[in-house]
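Chemist: In case you want the letters, here they are:
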Amino acid sequence: METALAGLVAAFFATSIYLLLSRHLIRVLIGVAILGNAVNLLLFTSGRLTREVPAFIGLDEMVPAPGVANALPQALILTAIVISFSFFAFLLVLGYRAYQELGTDDTNGMRIAEPRSEPPPPMGY
Amino acid sequence: MATPDHAATAVDLTAALVAAPIPAADWLVILPVLIPMVAGAIGLVTRWRSGLQWHLALGALSLTLVVDVMLLIRVATEGPIVMAMGRWLPPFGISFTADALGATFAVTAAVVALVATFYARDSFNVSERRYGIFPFLLLLMAGVSGAFLTGDLFNLYVWFEVLLISSFGMLVMGSEKAQIDGTIKYAFLNLVATTLFLIAIGLLYGVLGTLNMADIVGAAQRAPSSAPLIAIACLFFFAFAMKAGAFPVNAWLPASYHTPRIVVSALFAGLLTKVGVYALLRVLVMLLPRQADAFSGLVAVIAALTMVLGALGALAQSDFRRMLGYLIISGIGSMLVGVALATEAALTGAIVYAVHSMLTMTALYLIAGVMAARVDGSFDLRRLGGLYGASPLLAGLFLVLGLSVAGLPPFSGFWPKLVLVDASLAAGSRMLAFAILATGFLTTLAVGRVWLYAFWRGGPEGTADGTRTVLGPAGDTAAADRRGTALLLPVLVLAAAIVGLGLWPAPLYDFAGVAARGLIDPTAYIGAVFGGLQ
Amino acid sequence: MRTLIFRTVAPYIASLMLLFSIFVLLRGHNDPGGGFIGGLIGASGLAIYGLACGVATVRRAIRVHPMSIAGIGLILAALAGILSLPAGVPFMTGLWVYPTILGSEAALSTPMLFDIGVYCVVMGAITSIALCLEEYDGD
Numbered sequence: 001m002e003t004a005l006a007g008l009v010a011a012f013f014a015t016s017i018y019l020l021l022s023r024h025l026i027r028v029l030i031g032v033a034i035l036g037n038a039v040n041l042l043l044f045t046s047g048r049l050t051r052e053v054p055a056f057i058g059l060d061e062m063v064p065a066p067g068v069a070n071a072l073p074q075a076l077i078l079t080a081i082v083i084s085f086s087f088f089a090f091l092l093v094l095g096y097r098a099y100q101e102l103g104t105d106d107t108n109g110m111r112i113a114e115p116r117s118e119p120p121p122p123m124g125y
Numbered sequence: 001m002a003t004p005d006h007a008a009t010a011v012d013l014t015a016a017l018v019a020a021p022i023p024a025a026d027w028l029v030i031l032p033v034l035i036p037m038v039a040g041a042i043g044l045v046t047r048w049r050s051g052l053q054w055h056l057a058l059g060a061l062s063l064t065l066v067v068d069v070m071l072l073i074r075v076a077t078e079g080p081i082v083m084a085m086g087r088w089l090p091p092f093g094i095s096f097t098a099d100a101l102g103a104t105f106a107v108t109a110a111v112v113a114l115v116a117t118f119y120a121r122d123s124f125n126v127s128e129r130r131y132g133i134f135p136f137l138l139l140l141m142a143g144v145s146g147a148f149l150t151g152d153l154f155n156l157y158v159w160f161e162v163l164l165i166s167s168f169g170m171l172v173m174g175s176e177k178a179q180i181d182g183t184i185k186y187a188f189l190n191l192v193a194t195t196l197f198l199i200a201i202g203l204l205y206g207v208l209g210t211l212n213m214a215d216i217v218g219a220a221q222r223a224p225s226s227a228p229l230i231a232i233a234c235l236f237f238f239a240f241a242m243k244a245g246a247f248p249v250n251a252w253l254p255a256s257y258h259t260p261r262i263v264v265s266a267l268f269a270g271l272l273t274k275v276g277v278y279a280l281l282r283v284l285v286m287l288l289p290r291q292a293d294a295f296s297g298l299v300a301v302i303a304a305l306t307m308v309l310g311a312l313g314a315l316a317q318s319d320f321r322r323m324l325g326y327l328i329i330s331g332i333g334s335m336l337v338g339v340a341l342a343t344e345a346a347l348t349g350a351i352v353y354a355v356h357s358m359l360t361m362t363a364l365y366l367i368a369g370v371m372a373a374r375v376d377g378s379f380d381l382r383r384l385g386g387l388y389g390a391s392p393l394l395a396g397l398f399l400v401l402g403l404s405v406a407g408l409p410p411f412s413g414f415w416p417k418l419v420l421v422d423a424s425l426a427a428g429s430r431m432l433a434f435a436i437l438a439t440g441f442l443t444t445l446a447v448g449r450v451w452l453y454a455f456w457r458g459g460p461e462g463t464a465d466g467t468r469t470v471l472g473p474a475g476d477t478a479a480a481d482r483r484g485t486a487l488l489l490p491v492l493v494l495a496a497a498i499v500g501l502g503l504w505p506a507p508l509y510d511f512a513g514v515a516a517r518g519l520i521d522p523t524a525y526i527g528a529v530f531g532g533l534q
Numbered sequence: 001m002r003t004l005i006f007r008t009v010a011p012y013i014a015s016l017m018l019l020f021s022i023f024v025l026l027r028g029h030n031d032p033g034g035g036f037i038g039g040l041i042g043a044s045g046l047a048i049y050g051l052a053c054g055v056a057t058v059r060r061a062i063r064v065h066p067m068s069i070a071g072i073g074l075i076l077a078a079l080a081g082i083l084s085l086p087a088g089v090p091f092m093t094g095l096w097v098y099p100t101i102l103g104s105e106a107a108l109s110t111p112m113l114f115d116i117g118v119y120c121v122v123m124g125a126i127t128s129i130a131l132c133l134e135e136y137d138g139d
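Heads up: the protein sequence lines correspond to chains A, B and C, in order. For the first sequence, the positions run 1 to 125 when my numbering is used. For the second sequence, the positions run 1 to 534 when my numbering is used. For the third sequence, the positions run 1 to 139 when my numbering is used.
Bear in mind the hints are in silico, worked out from the structure with no lab data behind them. A virtual CB, placed ideally from N, CA and C, is assigned to each residue, including glycine. Hints may be right or wrong, so weigh each one.
Heads up, incomplete: computed chain B residues facing chain A, CB under 7 Å, no partners named [stated by the list, open to error]:
no., residue
1, A178
2, I180
3, G202
4, Y205
5, Q221
6, S318
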């Protein structure tokens, strides 16, 4: 099972890196979203996979049943989801804003902060 | 509805919970995070009181500094202090742990933030204060303090994200085209860096089964130094080096640091990259030393390249602010020497260099702001000139800061560089020693050129020597002088600290030595986390 | 988007979602649910209202700026931790009281306070981002 999920994680990473390398901001954004999910899946796999015993304690029990899934990676994923979600929301606004202000979503066209034809510093005075 | 409290009494949890009531003094560990966070929240709620914001930030940061200094004193006298969050004993709960390294960084960060905030009194107009620049600043500070004081790797990730999202807010404020452009690069690349950090955390948890730093030390020592852990250490190095701005993953820094308001740049210069350096020291030197040893040669090469290429980048810039961005990168290289060699002397040098760099880079950005305010707001070297005649005090301060960043005596940059060169030679790495010295030379050239252009010549390009036409935006020289002098006060404080550290380096050295020994042999740290709670 | 049907139904949907978000928040202590998911549901309710009736209407309806809601949430969450100080226990320790309200015992705790804080932070931050995006959509 771990092997299958590892393959899936690899596919996720490959997709997201391919998209992150794009020049278009919207593709990079989608790449970021997939990257977050790839990491979450990785965290999930790293906590060992067990089937059909949820990490819950029954109402009339004091301790979890033997063999339950490790709850910590799930808690970590929950935090990571919250963070990647809020980052994605922020980046979405930022990307949209950039498209409006700069008139392009091509990163090659975004050279305002670092102009292409910057003259060299003065050589003497 | 079930009442969990009644149920919990049936299970024996005494082995997992803190039993005794904790002394109130232990709250010192958590207060440097709590104070800025609460103040930031109050600032968010009262954003419409724009006149209040600056006072709130200044008060909260002063309080944070006081608490940090008290924490430092307690750490110096009693060793590491721990607070187990939610009464759960480590490794079950998150333990906030202050040791010499964390406390040193936290105090310096608080000094830098306080001084920059003092400078920022008139930097923002009403709408920018209503936008919430000061709450963002406070939340950034909460994230920085949290990163320095936490004892849990995943918690460190959370604080990274807190400071990152606050820095986004500060960077994009104003929404000029250049700012949005810079923020895009900063945001995406930093997000990739923190995601790499998270991947490394996930894999480390899969291999060792713990995320508590004190617990990881033991688990990593017991585990064989095999490929998985070395790969994980490599991932950590990649992620933190990107945060710190090490070559070749530093493209985000010169692309964004010159775009926001100068005081925001100054804060970022003092705080953000140093969090990356701190994480490198903590994770590679303390948690995974044997694994990091496997690629220390690579770290050394990266350190040398970061130093030299940063200084060369600084030489190639005609914009003063962008030049400072490259000087930050160059300084990061010196700190990486400590990570690469991981000897006591090298680590001491790196820690002192980090303190020096936080103070000096912030001061340099602030003085750049004062200089630009004198010359119609431009940072272009071609348009600066004649400032010596206008303000000898400004010129003197710049000289102090410039010589300090270049590593010349008797300022704070000299001693750590000396120690680092010494440690490199002792470790048999002539390459690193040469790189440090070459960087010092190149930095002196870069800073010297600014001195020549901005201060020494009579006026900017195209004006005759000795004219004072450039002064003051609207001719009101007296008012400009008064404003400039008020802005110089924070720079003066930082310069005094830099001179002080240059003339009396011993106390900082001794304490940095304690921090370095704590990194190499974390027995006291582990003892405090696991033993000091009963 | 601003069809008559949508505009008529949106206030009811939004108010139902806000109610449901509070239900999810309070049920979260022992069952699936909680502050984050509750806050998301509440924020999407407001976002739907904004899509249908315009951003200005939403801003008027919630009276305070969404970021202020987030600030209040942050204060509540911090308060849940600070209450440990007078109790003499480490930061963020769960503290419980069982007052009898209207004849039934209510279990009030600092984790619940923290969760309400999370609810407000998520609700405020996401609403602020959603309204921001919808505002751009308008022009």
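Chemist: Next, verify each hint and record whether it holds.
Modeler: Each hint tested on the structure:
no. : hint : result
1   : A178 : 5 Å, holds
2   : I180 : 5 Å, holds
3   : G202 : 4 Å, holds
4   : Y205 : 6 Å, holds
5   : Q221 : 21 Å, violated
6   : S318 : 4 Å, holds
The earlier numbered hint that this structure contradicts is number 5, and it is the only one.
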